[in-house]
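Novice: Residue numbers (the numbering used here), protein chains in the order written: chain B, 1 to 395; chain Z, 1 to 353.
Keep in mind that the hints are not guaranteed to be accurate.
Unchecked claim - With a Cα cut of at most 27 Å, we get these calculated DSSO-like pairs of lysine-lysine: (1) Z:K304 with Z:K267; (2) Z:K293 with B:K22; (3) Z:K267 with B:K320.
Just so you know, the hints here were simulated from the structure itself, not pulled from any lab data.
No experiment lies behind these values; they were computed from the predicted model shown.
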Amino acid sequence: MERSDTPLLDELEKGQWPSFVKDMKEAARKNPMAKDLLKQLELSYKDKIGHWKHGGIVGVKGYGSGVIGRYSDRPDLFPHVQAFHTMRVNHPSGWFYKTETLRKLCDIWDKHGSGLTNMHGSTGDAILLGTTTEHLQPCFNDLSDAGFDLGGSGSALRTPSACVGPARCEWACVDSLDLCYHLTMAYQDQMHRPMFPYKFKIKISACANDCVAAIARSDLSIIGTWKDAIRINADEVRAYAENINIQKEVCDLCPTRCMEWDGNKLKIYDEDCTRCMHCINVMPKALRPGKETGASILVGGKAPIVKGALLSWVVVPFMKLEPPYDELKDLIERIQDWWDEFGKSRERLGELIQRLGMRVFLKAVGLPAVPQMVKAPRTNPYVFFWPEDLKKEEK
Amino acid sequence: MAKTDIGPPDYKTMLPPVIERNYGKWLYHEILKPGVLMHVGESGEALYSVRAGSPRLVSTDHIREICDIAEKYCQGFLRFTSRHNIEFLLDDEDQIEPLVAELKSRGYPVGGTGHSISNIVHTQGWVHCHTPATDASGPVKALMDEIYEHFVESKLPAHVRIALACCLNMCGAVHCSDIAILGIHRTVPKTDNSRVPNVCEIPSTIASCPTGAIRGDMKNKTLTVNDEKCMYCGNCYTVCPAMPIADPENDGISIWVGGKVSNARSKPMFSKLAIPFLPNNPPRWPEVVHAVKNIIEVYASHAKKHERMGEWIERVGWERFFALTGIPFTDQHIDDFDLATETFRTSAQFKWR
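Bound-form chain B, shown alone (with noise of 0.2 Å):
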């Protein structure tokens, strides 16, 4: 038998979970950069090190953005992937596709790349991984003639993502799909040339559960939500009960404990329902979300780096969001303007609010303070009053 020459990657063929390097050897068989790549990774894998050097700026005619540089630091033993670029295209609102569609970015990336892909990347564009300098213009050229278009990168507007929304989700309470797509549409400009201090990320989840993560992972995120009492169907309450514990499994998991059930009739206290999502996860054919519904706006959300992770706080606690979404667009342009002005380079709009202040942001962009905003007001008494606010000395 012949020798392998990934005898470390051969070992994640095997098990029951699909295996990227089963792809990687398919793809290697018809491309030599993929066939390098798989011999790249097979090093690390005995070197316990990366084997790619620091960036490089690469890219398509008037964009700043969309093209991630890379290049091996072992050329010589793996000529193809010298330069090995990845291509962010943007993805259809909620990842909807149409095979025809993905057929022809197969194609299209066949025939300028190493037909490697991520379906998708973390923050929603589909990654093709891996072309070289000379086959980017090409390629994006294809791509745009067979209707695709590349999502953002660097100091720019982030390609925005949204949950599955009212395609299929009975909680929708904003259509995250349409909304994602106009802001998308409306921020081209935003997205393709970087031009803001840092990365900006929207997320858009049209419920609390919060299924792209936008609290956690957004600049700005859109949580849909409602104002009025949580529908209920009696009938399919009592169907419940048949098979859950109401009582243990819904009324003693409510946060605001805002639940009664008395063998036989579900009483919601709505004003003290802080919509979580839980007794509606649980009996979903029994309750549904109010019918006066928008978003909660939250900002700041970000990773780590560089000042320590942070999840989004509340600034808007309710807009209704319908097209042609003005009122969001205009704050998300007030707030842009703003971090633009005051922020420092690679300072995320997370670092800026707690660098200057909340209420200089809010004062900033327009937005009253309301309670909702807070888990509780101050303890130290370190309070700043604006110079509106006090008394002037008679002269």
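Once you have looked at the hints, place chain Z on chain B.
Specialist: Okay, now just chain Z, sitting in the frame of chain B:
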């Protein structure tokens, strides 16, 4: 000249007819069995979604195979989930079983719904990143092989969301996961003084350090690192290529637990440190796989129904989490970054174990 700024394909052209007809008018859903969802509209029509696992790093031929399957069973309509699963979208109930059978025969795991472990969100690792402290696809594959049963079945107390990031940049949402696997460095960057003046901007490199460990050496147009203040995040390397930090002998993986992004019941939470360091041991990272499996098993046997990892730990207390899992508690578990004292105990209320 190619057209620019045309934006992504319009999602409205990608929706199957049953979705077009019931868009925004869904009434309820049921999980028919692991990996099979039924959504019923106010119209009475139903949409069936069959969810299959994916390695995320997929070849064009693999995508074409997915297309073949979607064309055979669901008129070519499919979607991907936020956790990289594939969902085949059907309107004909009779096609579910043949589709599931074909997926299984081709080696696709069907599951990832309800109280299961869905696909692991992860980053590029050694495959395509220039700052990784570990690989991403490899540890994910090794772990998913071992916890496969939890993807294809739904028998845990609640969802367990696992994510892996190969460095502190955290391209995945690992900081709010039930279990987060995070690549870490443990040695200070090796500054190449001869290259700094040419390839680095000194002020932005100084500003990149979360702990203020980097100082400018203006005389020599380079930088110095205060080793005692450096916690090896690698952010300086991100902005200054002359400060490489990867160290094969000392890089590895840390494990974090108890985070969540959903607002259901409890608020979204960060993951907290469980295991400060495990070695990089390719190709199958046995120490990492063993540690994660242990945490899952202890959680599965102690948490109440609907209780996420972090909710269970908050109820029983971290002292019990460490006792039950047998994970040693070290001084690395005690925070020393900004706001560290918020996590210190300020009461006399605690458990002995």
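Novice: None of the hints should be skipped; say for each whether it holds.
Specialist: Hints versus structure:
no.: 1; hint: Z:K304 with Z:K267; in the structure: 18 Å, holds
no.: 2; hint: Z:K293 with B:K22; in the structure: 25 Å, holds
no.: 3; hint: Z:K267 with B:K320; in the structure: 23 Å, holds
Hint check: no violations occur; every hint is consistent with the structure.
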